[in-house]
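J.: Start from the sequences and build out the full structure, keeping to the hints where you can.
Here is what each chain is made of, one letter per residue.
Number of protein chains: 2
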Amino acid sequence: MGWGDLGAFGEPSKETPNLDQMASEGMLFLDFYTANPLCSPSRAALLTGRLPVRNGFYTTNAHARNAYTPQDIVGGIPDSELLLPELLKKAGYINKIIGKWHLGHRPQFHPLKHGFDEWFGSPNCHFGPFDNKALPNIPVYRDWEMIGRYYEDFKIDLKTGEANLTQIYLQEALDFISKQQASQQPFFLYWAIDATHAPVYASKHFLGTSQRGLYGDAVREIDDSIGKILKHLQKLGISENTFVFFTSDNGAALISAPKEGGSNGRFLCGKQTTFEGGMREPAIAWWPGHIPAGGVSHQLGNVMDLFTTSLSLAGLQPPSDRQIDGIDLLPAILQGKLIDRPIFYYRGNEMMAVRVGLYKAHYWTWSNSWEEYSKGIDFCPGQNVSGVTTHTQEEHTTLPLLFHLGRDPGEKYPLSFASDEYQRAMERISVVVQQHKVTMVPGEPQLNVCDKAVMNWSPPGCEKLGKCLKPPKSDPKKCFWPH
Amino acid sequence: MGWGDLGAFGEPSKETPNLDQMASEGMLFLDFYTANPLCSPSRAALLTGRLPVRNGFYTTNAHARNAYTPQDIVGGIPDSELLLPELLKKAGYINKIIGKWHLGHRPQFHPLKHGFDEWFGSPNCHFGPFDNKALPNIPVYRDWEMIGRYYEDFKIDLKTGEANLTQIYLQEALDFISKQQASQQPFFLYWAIDATHAPVYASKHFLGTSQRGLYGDAVREIDDSIGKILKHLQKLGISENTFVFFTSDNGAALISAPKEGGSNGRFLCGKQTTFEGGMREPAIAWWPGHIPAGGVSHQLGNVMDLFTTSLSLAGLQPPSDRQIDGIDLLPAILQGKLIDRPIFYYRGNEMMAVRVGLYKAHYWTWSNSWEEYSKGIDFCPGQNVSGVTTHTQEEHTTLPLLFHLGRDPGEKYPLSFASDEYQRAMERISVVVQQHKVTMVPGEPQLNVCDKAVMNWSPPGCEKLGKCLKPPKSDPKKCFWPH
Numbered sequence: 001m002g003w004g005d006l007g008a009f010g011e012p013s014k015e016t017p018n019l020d021q022m023a024s025e026g027m028l029f030l031d032f033y034t035a036n037p038l039c040s041p042s043r044a045a046l047l048t049g050r051l052p053v054r055n056g057f058y059t060t061n062a063h064a065r066n067a068y069t070p071q072d073i074v075g076g077i078p079d080s081e082l083l084l085p086e087l088l089k090k091a092g093y094i095n096k097i098i099g100k101w102h103l104g105h106r107p108q109f110h111p112l113k114h115g116f117d118e119w120f121g122s123p124n125c126h127f128g129p130f131d132n133k134a135l136p137n138i139p140v141y142r143d144w145e146m147i148g149r150y151y152e153d154f155k156i157d158l159k160t161g162e163a164n165l166t167q168i169y170l171q172e173a174l175d176f177i178s179k180q181q182a183s184q185q186p187f188f189l190y191w192a193i194d195a196t197h198a199p200v201y202a203s204k205h206f207l208g209t210s211q212r213g214l215y216g217d218a219v220r221e222i223d224d225s226i227g228k229i230l231k232h233l234q235k236l237g238i239s240e241n242t243f244v245f246f247t248s249d250n251g252a253a254l255i256s257a258p259k260e261g262g263s264n265g266r267f268l269c270g271k272q273t274t275f276e277g278g279m280r281e282p283a284i285a286w287w288p289g290h291i292p293a294g295g296v297s298h299q300l301g302n303v304m305d306l307f308t309t310s311l312s313l314a315g316l317q318p319p320s321d322r323q324i325d326g327i328d329l330l331p332a333i334l335q336g337k338l339i340d341r342p343i344f345y346y347r348g349n350e351m352m353a354v355r356v357g358l359y360k361a362h363y364w365t366w367s368n369s370w371e372e373y374s375k376g377i378d379f380c381p382g383q384n385v386s387g388v389t390t391h392t393q394e395e396h397t398t399l400p401l402l403f404h405l406g407r408d409p410g411e412k413y414p415l416s417f418a419s420d421e422y423q424r425a426m427e428r429i430s431v432v433v434q435q436h437k438v439t440m441v442p443g444e445p446q447l448n449v450c451d452k453a454v455m456n457w458s459p460p461g462c463e464k465l466g467k468c469l470k471p472p473k474s475d476p477k478k479c480f481w482p483h
Numbered sequence: 001m002g003w004g005d006l007g008a009f010g011e012p013s014k015e016t017p018n019l020d021q022m023a024s025e026g027m028l029f030l031d032f033y034t035a036n037p038l039c040s041p042s043r044a045a046l047l048t049g050r051l052p053v054r055n056g057f058y059t060t061n062a063h064a065r066n067a068y069t070p071q072d073i074v075g076g077i078p079d080s081e082l083l084l085p086e087l088l089k090k091a092g093y094i095n096k097i098i099g100k101w102h103l104g105h106r107p108q109f110h111p112l113k114h115g116f117d118e119w120f121g122s123p124n125c126h127f128g129p130f131d132n133k134a135l136p137n138i139p140v141y142r143d144w145e146m147i148g149r150y151y152e153d154f155k156i157d158l159k160t161g162e163a164n165l166t167q168i169y170l171q172e173a174l175d176f177i178s179k180q181q182a183s184q185q186p187f188f189l190y191w192a193i194d195a196t197h198a199p200v201y202a203s204k205h206f207l208g209t210s211q212r213g214l215y216g217d218a219v220r221e222i223d224d225s226i227g228k229i230l231k232h233l234q235k236l237g238i239s240e241n242t243f244v245f246f247t248s249d250n251g252a253a254l255i256s257a258p259k260e261g262g263s264n265g266r267f268l269c270g271k272q273t274t275f276e277g278g279m280r281e282p283a284i285a286w287w288p289g290h291i292p293a294g295g296v297s298h299q300l301g302n303v304m305d306l307f308t309t310s311l312s313l314a315g316l317q318p319p320s321d322r323q324i325d326g327i328d329l330l331p332a333i334l335q336g337k338l339i340d341r342p343i344f345y346y347r348g349n350e351m352m353a354v355r356v357g358l359y360k361a362h363y364w365t366w367s368n369s370w371e372e373y374s375k376g377i378d379f380c381p382g383q384n385v386s387g388v389t390t391h392t393q394e395e396h397t398t399l400p401l402l403f404h405l406g407r408d409p410g411e412k413y414p415l416s417f418a419s420d421e422y423q424r425a426m427e428r429i430s431v432v433v434q435q436h437k438v439t440m441v442p443g444e445p446q447l448n449v450c451d452k453a454v455m456n457w458s459p460p461g462c463e464k465l466g467k468c469l470k471p472p473k474s475d476p477k478k479c480f481w482p483h
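Chains as they are written, first to last, in this note's numbering: chain A, 1 to 483; chain B, 1 to 483.
Treat the hints with caution; some may be incorrect.
Note: identical chains are not told apart, hence a pair may lie in one copy or across any two.
[What the hints assert, rightly or not] Below, a list of computed lysine-lysine pairs in the DSSO-like style, where the Cα atoms sit at most 27 Å apart:
(1) Lys-478 - Lys-155
(2) Lys-375 - Lys-259
(3) Lys-228 - Lys-155
(4) Lys-14 - Lys-337
(5) Lys-159 - Lys-412
(6) Lys-375 - Lys-412
What the hints contain is simulated information worked out from the structure, not anything from laboratory work.
T.: Structure representation (structure tokens):
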């Protein structure tokens with residue numbers, strides 16, 4: 001989902017009444033970011049509070065490449081990483097993930113081995129249908145074991161766009177919340193649904209209801225679901241004791257627009273890129289009785305902050321034996337403070353850009369290669385900013401391209417290198433970047449090796465269902481990451 | 001000002017708390033248009049309820065050219081046109097215009113000859129400073145006579161961007177409202193301020209206060225002023241008896257961005273064009289106790305509707321002896337109804353496009369000429385949609401380019417000519433266009449002839465001030481309209 005997909009963020013059809021109301025009852029973050037323009041690294045960052053280049057969710061196969069966890073990925077979340085649910089356990093929290101895990105699907109990466117107590121959902125994206133020969137269909141797990149596969153047991157009709165998944169995930173959430181409220185145990189629910197990822201789907205009730213087509217139908221269903229979750233918390237009388245945060249893991253995939261891609265508002269480009277459209281996200285914090293209603297924050301925030309903020313809410317300290325990139329947002333949320341901190345925009349192993357205050361300096365620019373672009377793969381459809389949305393990787397490390405995001409949110413007008421403003425801003429930014437680079441210890445890259453043998457052929461529980469498939473011979477290779 | 005310039009419409013700095021509150025207390029129009037992508041024709045349409053091609057505010061000097069009322073324009077609003085204030089007088093209204101008139105500056109076009117009782121402001125844009133030899137500085141009128149000139153008596157500091165004009169216009173508005181309330185006479189106030197037109201200015205108190213630079217400072221000052229006007233109405237106890245509508249006369253001038261141009265959100269291009277960025281406007285209706293708070297309307301609206309709606313509010317009928325294009329919006333505003341009506345996008349003498357429901361058909365496409373573009377004049381900076389933002393005038397009258405503005409607000413993905421959807425939509429649109437063209441009787445074009453002798457050399461009142469200038473010899477010529 002992109003920054004511009006909600007009514008509260010200026011989507012012209014204004015079809016998200018529940019999220020808009022959540023914002024009017026809580027706090028809207030206008031300058032909130034994901035840690036990566038792609039799903040898996042972003043989700044790993046959220047759960048570890050650390051940049052993907054630290055927690056291993058990146059590749060060194062080629063320079064500045066986005067990578068994620070397709071079925072043939074060998075890596076996953078390392079045991080050495082401490083995930084938010086592992087830490088929350090110490091404060092008595094019961095943790096559940098509903099939806100897409102995406103931090104590795106091999107046995108050692110199972111979410112229940114990394115702090116979650118319950119899981120309903122899939123390890124990978126809902127791509128398919130596959131023939132179970134070249135590729136297995138993605139399994140859906142309940143806790144330790146698979147209970148079926150997408151397209152086989154969990155229908156997704158690619159022709160009509162109909163699928164009931166968001167409804168199933170919603171019911172799982174409501175049930176979990178009810179159970180926790182009944183047992184009076186504190187809980188952490190990570191509602192990491194697949195929608196609006198392509199192939200886009202919505203349940204029958206929502207199909208055809210949006211001005212925006214199928215993508216809009218999916219947004220409406222998410223909006224409706226979140227409204228139901230918030231109302232459920234209120235009905236159970238625990239809303240004033242429950243902190244809820246809504247955001248997305250990367251900008252809208254404009255490559256899939258208009259049918260299956262959303263909107264990044266007026267920001268440049270989309271998913272896969274380190275322009276604002278790829279990484280600035282809609283974000284809303286909600287906690288009635290604590291967060292002043294109708295608040296708006298310009299705090300530079302990041303999904304990694306949800307790690308640190310959640311620990312803070314639980315009365316826990318973040319680990320002190322490692323670099324944590326997330327900050328505690330509570331002073332911003334509860335007291336309206338502004339904490340000075342940079343935002344780093346990484347693509348794989350490269351820091352492409354950095355934001356300090358309202359300035360954003362690009363040290364590298366790239367949309368995608370000419371080769372991919374010539375095949376029709378366009379991460380910036382209808383947009384072309386000369387020297388900025390480049391199709392070759394352009395290095396600007398000695399003289400970064402600098403934008404003022406207040407005057408120029410669309411990254412169209414680089415500041416003159418000769419201006420005083422450029423000099424002053426870069427002096428400040430250079431210190432931040434130097435400090436960042438000097439102290440950077442990259443983690444062991446997890447997204448380098450692919451092997452068809454590790455795909456979801458025979459997940460735990462497959463025997464009971466008669467759904468075990470025979471893996472091919474192991475043949476590990478360097479993964480190919482074109483973007 | 002552009003669609004995307006207000007917080008309520010998704011401007012990322014969200015610096016318009018008063019307009020946002022006006023929206024939350026009133027009704028936000030998301031699909032509201034101006035009648036022309038340029039100022040004079042748009043304002044003529046607002047005050048006559050008629051398309052510029054009918055009321056004469058267009059040119060036939062060349063095909064599909066934007067034209068307006070610079071100082072050397074010979075034409076202006078014809079006597080045969082009936083303006084809103086002329087009609088409101090019949091219902092006892094006192095009418096005042098504050099700000100830019102722009103419907104002609106020669107004696108016969110004076111606003112007090114066209115229904116207004118009072119005027120404070122200028123006949124033309126605040127361009128300058130001029131040397132009073134080749135060009136006179138623009139006069140500022142109080143009622144019948146000039147009281148000074150811009151840059152001479154009304155300072156605009158182009159270096160610092162400081163000017164007190166919006167504050168002066170605000171005070172005029174507050175005073176007029178107070179006076180009318182005291183005399184218990186119904187009033188029509190047309191608060192047609194110059195800001196945010198380039199050269200952009202703000203008063204000292206607002207300079208440097210916006211994240212968005214000088215343009216943002218100007219927006220903040222407008223926002224603050226409107227907040228003060230609304231509070232004034234409330235303080236005087238007449239807010240429930242006063243209908244207020246906020247909108248703009250054309251999309252943000254991206255040509256002046258980033259320093260002096262605003263935002264059209266995610267819409268394509270800006271001022272001067274018939275893409276959504278050129279003509280879709282921010283719009284808010286406010287009338288406490290009558291308009292349900294927090295309403296949102298997808299009614300296709302147009303500045304011409306303010307003519308008909310205002311008449312309706314005053315209990316008057318629109319003239320029946322001529323074609324009126326504006327509709328009465330009260331059913332949409334008060335009862336949430338949706339009235340089926342098309343939006344026509346004209347550029348000079350050509351109907352470039354039409355919107356029917358969510359479909360927009362382009363019969364002609366043009367941004368500007370290659371010649372102008374090669375000089376750096378770009379109405380669509382950073383945007384380029386192949387075959388759409390064309391630099392030659394492209395005719396599509398036999399097979400219009402069709403967009404679905406719900407799925408594709410940015411006009412990036414024309415529908416396939418071969419699709420059923422295209423056929424179905426165009427069948428409906430063709431009927432609308434045919435009917436429009438058959439019944440169209442263009443008015444006498446007012447914006448064809450230019451003559452330096454008609455400039456503001458010696459406006460009425462200049463003698464008292466010693467500010468009369470000697471006009472050059474009359475030398476009428478065809479005006480040159482490049483866009």
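J.: The structure should be examined with respect to each hint, and the outcome stated for every one.
T.: Status of the hints after comparison with the structure:
1. Lys-478 - Lys-155: Neither: 33 Å inside a copy, 68 Å across copies.
2. Lys-375 - Lys-259: within (19 Å within a copy, 37 Å between copies)
3. Lys-228 - Lys-155: within (23 Å within a copy, 57 Å between copies)
4. Lys-14 - Lys-337: between (29 Å within a copy, 17 Å between copies)
5. Lys-159 - Lys-412: Result: close only across copies, 24 Å inter versus 38 Å intra.
6. Lys-375 - Lys-412: both (25 Å within a copy, 18 Å between copies)
The earlier numbered hint that this structure contradicts is number 1, and it is the only one.
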